[in-house]
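Produce the complete structure using the sequences and hints provided.
Counting from 1, position 1 in the sequence shown corresponds to residue 4 in our numbering; the numbering is continuous, with no gaps.
The hints are simulated quantities; they were obtained by calculation from the structure and are not laboratory data.
Hints are all accurate, no fakes.
Here are the simulated BS3-like pairs of lysine-lysine, each with C-alpha atoms no more than 30 Å apart in a straight line:
id: 1; residue 1: K67; residue 2: K158
id: 2; residue 1: K111; residue 2: K67
id: 3; residue 1: K102; residue 2: K158
id: 4; residue 1: K102; residue 2: K140
id: 5; residue 1: K102; residue 2: K171
Please read these numbers as outputs of a predicted model, since none were measured by experiment.
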Amino acid sequence: MVHQRFGIGLAVGAAMLGPLTPAFAVSPGRQAAIDAADAAMAMPPVAADAGGLVCASPPPTGEKIAGDMVLGAEGHAIEIENGGGGNALVKIRHATTGKLAASFYIRKLEAMTIEGVPDGDYVIQYAFGPALAADCKSFTRIIKASAIPGSDVLKTETIDDAEHTEVKRMSISYQINVTETPGTVRTVAIDAATFNAD
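Spelled out as structure tokens, the structure:
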């Protein structure tokens, strides 16, 4: 399997086959910076009884909540680590049409892996918000939304010669944080309407 790894500053998501726990350690100094960023983003909480404005039962990290992507028994893998700054929604879109392929919720400091992703050209977007709305698929308000620049072309390759047949699939991973750090992939800011589009 071909594997690529990227670091970016913000949040992303995907589908998983089982429950995940935080997959990486955070140093005390880095945790203090994350906590400071969280405090800087702090907003008054949305009351759960304020007309049913918030999701009563948020989905677990990595559960697909929307989109037309059908995950197979075999396929590519997309791994996302939420390095902090709050809970996030991640959207994977078809690059050619912009249509939503899949959407996922990823909690702060958790990681998820989408397996069985079919061949395709995909754009990854992500956003942070204070709470999930009543539909459990969107935020009550978007604090910050971004996209990973360009697209990820996932294509299965088959090598067939006289000695053997080998199938190669891709695996990509992103670590996301609310703030960008030097040396990471620079993200592209997008507005709430672009992020929330079907």
